[in-house]
Structures are given as C-alpha cells and as structure tokens.
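Visitor: Sequence:
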Amino acid sequence: MWRRILSHPHSALFISLLGVLLALPTLSSGLIGDDFLFRELITGQSTRSHPGTFFGLYTFADGRGDHIQAMKDAGIFQWWAADHALMSFWRPLSELSHWVDYHLWPDSPTLMHVHSLLWYGFLVWLLSRLYRLLDPTAVRPGLAALIFAVSPMHLFTVIWLAARNQLIAGCLIVLTLMTFHLWRQGRGLAYGLLSMLFMAIGLAAAEAAVAAMGYLLAYVLILEPRRASSRTRFAALLPFVALVVAWRIYYVYLGYGSVGLGGYIDPGRDPLRFAQALMMRMPALLLAGLYGASSSVFHLLPEKSQVIYALMAAFIVAVSVWAGQVRQIWSHPLARFFGLGAVLSLVPVCAAATNDRLLLNAEFGLSPLLAMLFTATWKQTPPGDRHRIGIMASKAIAGVLMLIHLAFYPIATLSMAVAAPMMSKASMQLESLSLPDELESPNSKVILINPPKALFVGYYQTIRRYFGLHNPSSMQALTSGDQSVTLTVLTPRSIRLLGDKGLGEPISRDLKKQPLHVGDSIRAGSFQVTVEAVNAQGNATQALFEFDYPLQDAPWQFYIWSESGYKRFKLPAVGRSVTLPPVNLGAAMKKRLKDML
Numbered sequence: 046m047w048r049r050i051l052s053h054p055h056s057a058l059f060i061s062l063l064g065v066l067l068a069l070p071t072l073s074s075g076l077i078g079d080d081f082l083f084r085e086l087i088t089g090q091s092t093r094s095h096p097g098t099f100f101g102l103y104t105f106a107d108g109r110g111d112h113i114q115a116m117k118d119a120g121i122f123q124w125w126a127a128d129h130a131l132m133s134f135w136r137p138l139s140e141l142s143h144w145v146d147y148h149l150w151p152d153s154p155t156l157m158h159v160h161s162l163l164w165y166g167f168l169v170w171l172l173s174r175l176y177r178l179l180d181p182t183a184v185r186p187g188l189a190a191l192i193f194a195v196s197p198m199h200l201f202t203v204i205w206l207a208a209r210n211q212l213i214a215g216c217l218i219v220l221t222l223m224t225f226h227l228w229r230q231g232r233g234l235a236y237g238l239l240s241m242l243f244m245a246i247g248l249a250a251a252e253a254a255v256a257a258m259g260y261l262l263a264y265v266l267i268l269e270p271r272r273a274s275s276r277t278r279f280a281a282l283l284p285f286v287a288l289v290v291a292w293r294i295y296y297v298y299l300g301y302g303s304v305g306l307g308g309y310i311d312p313g314r315d316p317l318r319f320a321q322a323l324m325m326r327m328p329a330l331l332l333a334g335l336y337g338a339s340s341s342v343f344h345l346l347p348e349k350s351q352v353i354y355a356l357m358a359a360f361i362v363a364v365s366v367w368a369g370q371v372r373q374i375w376s377h378p379l380a381r382f383f384g385l386g387a388v389l390s391l392v393p394v395c396a397a398a399t400n401d402r403l404l405l406n407a408e409f410g411l412s413p414l415l416a417m418l419f420t421a422t423w424k425q426t427p428p429g430d431r432h433r434i435g436i437m438a439s440k441a442i443a444g445v446l447m448l449i450h451l452a453f454y455p456i457a458t459l460s461m462a463v464a465a466p467m468m469s470k471a472s473m474q475l476e477s478l479s480l481p482d483e484l485e486s487p488n489s490k491v492i493l494i495n496p497p498k499a500l501f502v503g504y505y506q507t508i509r510r511y512f513g514l515h516n517p518s519s520m521q522a523l524t525s526g527d528q529s530v531t532l533t534v535l536t537p538r539s540i541r542l543l544g545d546k547g548l549g550e551p552i553s554r555d556l557k558k559q560p561l562h563v564g565d566s567i568r569a570g571s572f573q574v575t576v577e578a579v580n581a582q583g584n585a586t587q588a589l590f591e592f593d594y595p596l597q598d599a600p601w602q603f604y605i606w607s608e609s610g611y612k613r614f615k616l617p618a619v620g621r622s623v624t625l626p627p628v629n630l631g632a633a634m635k636k637r638l639k640d641m642l
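When we follow my numbering, the leftmost residue of the sequence shown carries the number 46, and every step to the right adds one.
Warning: the hint list may mix true and false statements.
[To be verified] What follows is a set of in silico ranges between Cβ atoms, one per label pair, in the way DEER data are often shown: (1) L156 x A280: 15 to 21 Å; (2) L451 x T92: 46 to 52 Å; (3) N488 x K557: 35 to 41 Å; (4) S73 x P487: 28 to 34 Å; (5) A363 x L451: 22 to 28 Å; (6) P487 x Y147: 23 to 29 Å; (7) S341 x D545: 19 to 25 Å; (8) W144 x H344: 38 to 44 Å; (9) G564 x S73: 46 to 52 Å.
[To be verified] The calculated lysine-lysine pairs, modelled on DSS-like cross-linking and capped at a C-alpha distance of 30 Å, are: (10) K424 x K498; (11) K349 x K546; (12) K440 x K546; (13) K546 x K470; (14) K546 x K557; (15) K557 x K498; (16) K349 x K470.
None of these hints come from the bench; they were simulated from the model. Since we're looking at a predicted model, the values are computed, not measured. We put the beta carbon where it would ideally sit given N, CA and C, even for glycine.
Start from the sequences, fold in the hints, and give me the full structure.
Guide: And the structure:
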C-alpha cells in the first residue's frame, strides 16, 4: 500500500497536505517574540528605519552608539550589550509578506499562521516535484518528500511567523534547483535565466537563500552531464557567483550584517572565527538532522564540552556515512549530490548559534539521502556474503534511522504542534503579563533583578501593549536568572551583584572580541554600572549599580522571579545581603502549563 501511495502521480499533493495537517494545531499559537515587534512596526506604532527596507522589521540593532544607548536606557537592550551592536538583515520580500498579513487580516494571528502554512505546504509540494524530477525511481522521491514533511526539526520555522522568511527562501531555493537542472539538461537558456531570477528573489527573502549555491556546486561537480568539460561545468556557476557577490556588496553597502553580538558571526568580517565555528557546529547540526539530537543543546554547553560533543557527533555521522557505503548508496550520483549539497548548505548557517530551525535547507538533501538508505536496506541481503557483519551493522543503523524518521517523527511533530500554542503562551507572554498594570504609576521604573532570560525582557513592553497593559517608563534587567546571585545593598543609592557564572548573557555581547574589563563604567537609564570583577570569558561576575536617586524612592519597583511569575521584592537594609537561587525554568513552565489546563 505504501509503495502505491508513494509512487502515485498525485503523491506530491498528498504529502504536502499531510505536512500541513500535522502542523495544523499550530494555528492558535498567536504571536511569538519578534512577531510583536513586527506588528508595531507595520502598523506604525513604532518606527525603525534602515536603507533598502520597507519597515526595518529585521533591523534589531543598527550599530549606532546613540541608538544602542537609547535602547539600553529603555531596557530593550540590557546594560552589558555591545555599545555598537549590529544585527540587521536585508529581507524586503519577507517584509512584504508580513505587510500582506496586516493589510488583509490585521487582527487575526490565526490567518497569519494559515499564510505561513500555505508557504510550508508549497515548499513540500515543490520538493516532491524536485525529487521526482531528479530521481526516476517509483518510490524514493515520494519517500524523500514524506521524510521531510513529517520532520519536527523545522516545525518552529512554521510556528514562528517571524521565521517565514526561511520558508519563502526555501521555496525559491527549490525553484532555483529545478530550473537549473532543466537548463543543464538541455531544455533551453530560458530555464537558466529563470534559475538566476529565482535565486535573486530568494536573496531578497532571506540570507538563507545563499544555500542554493551549495546545491548548485554539488550539481556541477556530480550531476552535470559527463560530456561537459570542467570549464563548461564551472562556467555555468559563474553568473550565480556574480549574483551572490553583487548581493553581498549591496548588502554591506546598505549597512546590514552582524557585529558585536555573541549569537552571530559575520563570515565576511571575521572569516577565521567563522571557520572555527564551522568545524564545531557542522557535526552538531548534521547529528540533529540525522538523529534528531537537538542542536540547541550544543549551544548551551561550555566550550570544552562543545569540543567533546562535536567530536562525538562527527564520529556518529561518520559511522552513518559508512552504513551508506556498505549499502552502496554512494555509488549513485544522486546520493553524492544530495549528501554534498546538504553539507554545503549548512556552511552559511554555521554563522549563527546552533538551532534546529537552521536545518531546513539541509533537510532538502538529507531527506532523499535517507530515502535512498532506507530503500537499499529493504532489499534482501545476499546469503553467505563475506561482509555479512558489516551489512547487519549497517542494517541496524538504518533501522534506527527508520524508526526515528518514519515512526517517531510523525508522532513528535503532531505532539509538538498540539503543545505549541500552550508553550508559546506559557513562556514569554506570561512572564511579561505577570507584572502589574502601571496605569496609576506611569513614571515608575521597574528593575527585574533575575528574570528567567534577560534577553526576553526587551520584548516585555511590546507584549504588554498588545494585551492592553500600561507600561512603566522603563523596564530593565540586572542579570539573568540562570545562576545563584548575591545582592548586597551598599548605600541608600547603590547595590552590588555577584554571580559566579557571569552577570551578562553572551548572546548580547561578543565577549571574545569585546570582553568586559574591571573598571568598565556603563550607563543604563537611571543607573550607572561599574564592573568590579570578570571571569576568564570576559563576563562580569561582580558589578556595582549606582542609582540616580535613593532606592526607597517611589519610582523604583524591584521584582524577582518566582514560579508563579514576578513578585515585588523588598531590598534588604543597607549593609545586608540576600542570595537569590537560580531560576528553575522547568518547574516554572510546569506550573504555568498546569494553571492553563
């Protein structure tokens, strides 16, 4: 039955519908994180201009010191953030897709999610057509599309409206590959021009579209007709290389890129560090793509543990490649194309901290590669084969992968989709909404001593406005709650914080290139921070906070985190200290979900 379904002429439609149906419960997920910022920018409630963009949706920091200081004063950025942080991305086509949302259904996040689901369904359908175009066998193309459609690894890309840019870019990558293939198979130059056009449009949707170059390079190396000379092969790539170079020059000229933040490395500005990150992150991402071991875990590990993790991941991936060799899939040019294309497509995303949603473009190649391994494994093992032990071992590896991708993944995807609406509400939204309405005290200054994640505090005021709550004049975090923190009141206007792990979050500051130093003095709204001690990573472990007016004055409102949300905190007397335990995110999330049920 499965063979009949997967080889059916309309299997592309069936599989794309299955992918959409599995993600259908996410329609009630509402807005998440950047989605709230997008709403205010598109509706004109706030402005954020940047050259070459419609609304500045993807300009989170423009590198201007005065702008960064203003964001620190308001609490959008925390005091330890880089003074000239730049995190800005040129994605005009994706911006237009959100403009459509707010002009056709401005008050319906559900329809916005329908919009994203349509892009996802279109992506699955396009992939099905691409696999059928490249692979003449009956079952493998449908199986490859099925493996992609049921994968939970890219589900957050579908759930998060702000990540729609990846879906749009993904569609254009596939269209680029389809038309490039038709051109190289002698169907006419028009397809080559179409391929360039699709890639150009893709680059206007997201930087992720540059992953198409990985698959195009793999194509000319492996799938290009044998009669073509090396010169002819690479000549076909030159227009695409020129396009990417022109895009990059324009991109940098307009001031886009990432500088000064720990979450991103700009390959063009810091190639050596990017190469180091590539060697560490690539194995973690491949392990996640093959076995579902979340790559986010890698990012949370200490540096020494990351090295061990990367080595273990590389070993497991190598064993998986060996299993494919035993099953002789690497003798097929298609397998080599998909494998090399998947690896090359991961190169640009290694510039960002590892995250499973970055696997989307790599799954274009990993899914058919797995389909080839599975179909090769289903074949009978020749009796008396002298490599029987190797064949049995490879069969066991393939069996584990089949269990993961064909049995566990569909259940996991549906379960995650069902849980997504509750999880999104139980996380960032309830954090910000647990603070009281400030209608009666709009001049108050809220100090959050140990929020669960200080980075998210920058979203709080936007989220609260969306839900109709009034905000204080400023809302700032002193540190992140992932560690035990000792607070000492030194004078009526000053306190000291001590945290062994580091008071700042590395994602907001590239501590390797811009470490904090003892004696650094930083202004953040109505208080001054002086760094008194730092650790080996360049993060502050002890800091003095001097406030412009007495701590007991009316404007100041101090809060600490508890399992039920934020609660008012009475500072100890002068000369006294208090130690706050690390935030137990698991317990807090469990309680929030229980309260919602």
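Visitor: If a hint holds in the structure, say so; if it does not, say that too.
Guide: Evaluated hints:
1. L156 x A280: 15 to 21 Å: 46 Å Cβ-Cβ, so the 15 to 21 Å window is violated.
2. L451 x T92: 46 to 52 Å: holds, 49 Å
3. N488 x K557: 35 to 41 Å: Given range 35 to 41 Å: holds, Cβ gap about 40 Å.
4. S73 x P487: 28 to 34 Å: holds, 33 Å
5. A363 x L451: 22 to 28 Å: holds, 23 Å
6. P487 x Y147: 23 to 29 Å: Hint holds: Cβ distance 28 Å, inside 23 to 29 Å.
7. S341 x D545: 19 to 25 Å: For D545 against S341, whose Cβ atoms are near 24 Å apart, the range 19 to 25 Å holds.
8. W144 x H344: 38 to 44 Å: Since the Cβ atoms of W144 and H344 sit about 32 Å apart, the hinted range of 38 to 44 Å is violated.
9. G564 x S73: 46 to 52 Å: holds, 51 Å
10. K424 x K498: violated, 51 Å
11. K349 x K546: Between K349 and K546 the Cα gap is close to 15 Å, so the pair holds against 30 Å.
12. K440 x K546: violated, 45 Å
13. K546 x K470: This hinted pair holds, its Cα atoms lying about 29 Å apart.
14. K546 x K557: OK: K546 and K557 at ~16 Å, within 30 Å.
15. K557 x K498: holds, 21 Å
16. K349 x K470: violated, 35 Å
Violated hints, in rising order: 1, 8, 10, 12, 16; the structure is consistent with all others.
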